[in-house]
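Chains A and B supply the protein sequences, listed in that same order. Heads up: the first sequence is residues 2 to 93, going by our numbering. Heads up: the second sequence is residues 788 to 1178, going by our numbering.
If you're looking for bench data, these hints aren't it; they were derived computationally from the structure. Any given hint might turn out to be false.
To be clear about the criterion: a stretch of chain A counts as covered by chain B if any three or more of its residues have a C-beta under 8 Å from a C-beta of chain B, and this derived list gives those stretches [what the hints assert, rightly or not]:
#: 1; stretch: 10 to 21
#: 2; stretch: 59 to 68
Pair by pair, the computed Cβ-Cβ distance ranges are [unchecked claim]:
#: 3; chain 1: B; residue 1: K1130; chain 2: A; residue 2: I27; range: 47 to 55 Å
#: 4; chain 1: A; residue 1: L14; chain 2: B; residue 2: D839; range: 53 to 61 Å
#: 5; chain 1: A; residue 1: H6; chain 2: B; residue 2: T791; range: 25 to 33 Å
Glycine included, every Cβ here is placed at the ideal spot set by N, Cα and C.
Read off the chains here:
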Amino acid sequence: MTTRHARRIGIDLAALAVLYAVSFYIMAHFRVMEALLAPGGDSARIYVAVAVTFLLLRFFVIFLAPGWFLARVCFAVLSRPLESQTASADTR
Amino acid sequence: MSQTNATRASRTRRRTWTIRIAAALLFLTPPFVVPRLWCGRGADAFYDGQLDAVRPLAEGVATWVSDGIGQSDFDTGNSCFDGEWHFGTYQMAALGLLQVIAAHPETRERYLPLVEKCVDRLLEPEIRAFDTSAWGNDAMSTLDSGQGHCAYLGYLNIVLCAYRKVSGQSKYDDPNDRITAALVRRLGQAPQGIIETYPDEAYPVDNCAAIASIAFYDRVTGADHSELVGQLVRQLGEAHTDPQSGLLYQAVDHLTGEKYDKPRASGTALGAYFMSFGDMDLSRRMYAALRRSCAARLAGFAAIREYPPGTKSGQGDIDSGPVVLGLSFSGTGFTLATARINKDRELYKGLYRLGCLVGAPINRARRRTFVCGGPLGNSIMLAMLTAGGIP
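Chain A with its partners taken away, still in its complex shape:
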């Protein structure tokens, strides 16, 4: 894995972690979930949108992100010898 690959994966991971932490803070601070849990009430739509966005992000982090990062690491690690192999063959 090149430094460039590692840096990109690291930056994405850090960005996701920060986004996730900030969204936790928003949910805890503004209690927007209550609007979503009371569909009979005349809730502000923005609250519902924020709550749904948070849940989608949480689902992504728990269900998809681990596999996504593993797959990217796999590509980065295994593609490297392949690239160098192709490059050396071209040189010859």
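Once you've looked at the hints, dock chain B against the given chain A.
Below, chain B alone, put in the same frame as chain A:
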């Protein structure tokens, strides 16, 4: 030379595909492993009632109670719902903390004063303003009348009985005696064994709380209303229950018994929890119906459908929360309680995982808080996760 190049190109292609397949497998495998492990942390400890697991959540709820919650803390967009949630927060907090005390008597000194704070709040006119507003009169000042006030009185009476049982103290005996007498009289005169929550609105789930509180009162005080309770339980289990699914009808006419709403899981699940304080047999039957007709499972997660199979699903309301893919927020949360009471570890863990996925718990300063739950959600989770603690 060209043959060597062709072989090399073929090998490269094969290797590229191997990498792609490996990456695809790495991408697809974690969703079946990580979420169930991530969201299932602590499920067994809660199921087993370990104090290390229960205490942080109880501390989280204790903080809400200590800080005090007002109706302005709720923002459902409807003042009646705000009032119900305000009331429900203290009711569930009191029940949850009493269950913790019953299971871990060493916590009594810490939590009993908080329970008393909850009960004091529950008895204040301000907290039942939603009920007063709907009826046009105060539930506690009109106990001699024939009006229902079923939800406020029934839910409160369960807490008063639980307090009496767990604390052994007589601080709230007077309201407990008076409310029980009023419920006995009103239910005894009800033609369908159902009394109103609000004028012309009757909900079997609220009556579960009222009826269970009478049976609970008998168990705690030695009084005997077994004949009336037996008759009311029979009516609930037969006239107000869907014979096919075994679920309670959500709303009925208190005079004719006509069904105004479909059989639904949210009412049945909460009713089964309340009924566990009064008539274990009916509670078990309701739980069995929920499990049979509404439980859905996937990859270690479990949820409860709001409507039984063959019934057209609605979008959800204040009782169920939003119904997404037919699944019920409240039904899922409330079924946690009866899964534990009925010693169903597998379903409990599945429901717990979903509760953690959606509720998003965080641990901070020795407290555990479901950030999506707010005061009501956290109180409900405490009561549901520790259900069955009061003998």
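Structure-inconsistent hints, enumerated in ascending order | Violated hints (numbers, rising): 1, 3, 4; every other hint is consistent with the structure.
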